[in-house]
Amino acid sequence: MTGSTLDLEREKELLQRARDGDEEAFREIVSSHQRQVAATVMGMLGNCPEAEDVGQEVFIQFFRSLHRFRGEARIATYLTRIALNLAVNELRRRKKEKQMLAAGAEGLFMSSTTSLEEKKDSRRLLQQALQQLDSRFREVIVLRFLNGYSSEETARILKLPLGTVLSRLARAQMKLREILLPLMGKEP
Amino acid sequence: MIIKKKSLRYLLYRSFEEKLKPKEEARLNRILENSLDLKKEKEAVRQMRQMLSDIPEFDFSPDFGERVMRRWREEASREGRARSFDEYLSSFFLKLAYIGTAVALLLVIINFILGDVLSSEEILFASDSVYETLLNLPFF
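Quick mapping for you: the protein sequence lines, in order, are chains A and B.
For what it's worth, our numbering labels the leading residue of the first sequence as 1, then goes sequentially.
For what it's worth, our numbering labels the leading residue of the second sequence as 1, then goes sequentially.
Simulated from the structure, these hints should not be mistaken for laboratory data.
From a predicted model like this one, the values you see are computed outputs, not experimental measurements.
Every residue, glycine too, gets a C-beta built ideally from N, C-alpha and C.
Any given hint could turn out to be false.
As the list claims (entries may be wrong) - Cβ pair distances, simulated, as ranges:
{"no.": "1", "chain 1": "A", "residue 1": "S135", "chain 2": "B", "residue 2": "M51", "range": "18 to 28 Å"}
{"no.": "2", "chain 1": "A", "residue 1": "K159", "chain 2": "B", "residue 2": "S77", "range": "33 to 43 Å"}
{"no.": "3", "chain 1": "B", "residue 1": "K19", "chain 2": "A", "residue 2": "S135", "range": "23 to 33 Å"}
{"no.": "4", "chain 1": "A", "residue 1": "N89", "chain 2": "B", "residue 2": "D54", "range": "22 to 32 Å"}
{"no.": "5", "chain 1": "B", "residue 1": "G80", "chain 2": "A", "residue 2": "R35", "range": "27 to 37 Å"}
Claimed, not checked - Within a straight-line C-alpha distance of at most 30 Å, the following computed DSS-like cross-link-like pairs (lysine-lysine) qualify:
{"no.": "6", "chain 1": "B", "residue 1": "K40", "chain 2": "A", "residue 2": "K175"}
{"no.": "7", "chain 1": "B", "residue 1": "K42", "chain 2": "A", "residue 2": "K175"}
{"no.": "8", "chain 1": "B", "residue 1": "K19", "chain 2": "A", "residue 2": "K175"}
{"no.": "9", "chain 1": "B", "residue 1": "K5", "chain 2": "A", "residue 2": "K175"}
{"no.": "10", "chain 1": "A", "residue 1": "K159", "chain 2": "B", "residue 2": "K19"}
{"no.": "11", "chain 1": "B", "residue 1": "K39", "chain 2": "A", "residue 2": "K175"}
Given only the sequences and the hints, what does the whole structure look like? Please build it.
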């Protein structure tokens with residue numbers, strides 16, 4: 001899921017048209033990148049109502065910065081950066097309002113009231129566990145696994161040294177497993 | 001011992017993502033051969049990574065694209081309005097600057113023709129000496 005379906009030439013053409021205010025060009029950019037943005041935003045925030053608002057804001061910010069965007073990166077990479085920044089801002093806002101703990105507790109409560117089958121659904125548990133990771137660990141997991149970027153691409157997007165990303169990835173997986181074990185009813 | 005175990009686990013997790021140094025790799029393989037727990041953990045990590053990669057594709061609601069485009073239209077028309085106001089202002093001040101320059105030049109020329117009937121102080125609020133100095137400059 002790392003890129004869009006657009007090739008580089010088509011991307012350049014769409015960018016130029018979008019800069020000139022062509023609605024169809026912008027629509028095509030949105031439709032070919034919305035899943036990529038959804039993976040980043042929902043991976044960071046969970047499947048919550050705010051995720052769609054943040055998703056919309058990603059494309060609007062992209063539109064506002066079109067005149068600054070000179071195509072030095074692919075549109076997908078640029079959108080992922082905007083999506084990560086906005087998602088992290090949203091997490092900060094939640095933290096400020098002390099809603100993060102409530103949201104986490106709500107997620108766990110929901111899992112305890114759902115059927116046993118759902119409870120055993122490892123993917124669902126993984127998504128819940130992701131929401132409990134610190135944002136700096138969550139972003140590397142989201143980019144590496146949910147968006148499918150390589151560790152090198154992840155480092156480029158986050159503007160971090162590769163060593164830092166590799167170390168964060170290892171630690172993030174260790175933490176994720178620690179979170180998952182009790183959720184799956186196993187001893188650590 | 002705990003620290004040792006922790007560093008070993010870190011090594012195990014790193015091994016999935018990067019090429020370990022030969023020394024580290026040998027150490028990990030040696031311990032993996034003798035530790036059932038670590039072997040189990042290796043398999044669990046492999047499964048967890050697989051599950052993470054297999055999470056179904058995310059997407060927004062079906063009308064997401066349309067809602068973005070609605071906001072895009074609002075944004076584009078706002079930007080268009082702002083741009084036309086900016087353009088109006090800059091063209092207005094440009095015209096004003098041209099007219100001001102033309103009037104000033106005209107006054108200077110008239111003064112030349114009338115032979116200093118109007119003093120330079122009256123035209124440019126500058127003293128005669130400043131005016132003369134200016135006229136003595138090579139480009140006049």
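A quick look at each hint next to the structure:
1. Look at S135 (chain A) against M51 (chain B): about 21 Å separates their beta carbons, and that is inside 18 to 28 Å.
2. In this structure the hint that K159 (chain A) and S77 (chain B) lie 33 to 43 Å apart at CB holds, the actual value being about 34 Å.
3. For K19 (chain B) paired with S135 (chain A), a C-beta distance near 28 Å keeps the hint of 23 to 33 Å intact.
4. Separated by about 29 Å at the C-beta atoms, N89 (chain A) and D54 (chain B) satisfy the suggested range of 22 to 32 Å.
5. For the hinted restraint 27 to 37 Å between G80 (chain B) and R35 (chain A), the CB-CB distance of approximately 30 Å keeps it satisfied.
6. Note on K40 (chain B) and K175 (chain A): the hinted pairing holds, with a Cα-Cα distance of about 17 Å set against a maximum of 30 Å.
7. Of the supplied pair hints, the one linking K42 (chain B) and K175 (chain A) holds, its CA atoms being roughly 15 Å apart against a limit of 30 Å.
8. For the hint linking K19 (chain B) to K175 (chain A), the alpha-carbon distance of about 21 Å falls within 30 Å, and the restraint holds.
9. Distance check on the hinted pair: K5 (chain B) and K175 (chain A) sit about 15 Å apart at the alpha-carbon level, within 30 Å; holds.
10. Our distance criterion of 30 Å between C-alpha atoms is met by K159 (chain A) and K19 (chain B), whose separation comes to about 22 Å.
11. Simply put, K39 (chain B) and K175 (chain A) have alpha-carbon atoms about 18 Å apart, close enough for the 30 Å limit, and the pair holds.
Consistency with the previously given hints is maintained throughout, with no hint failing.
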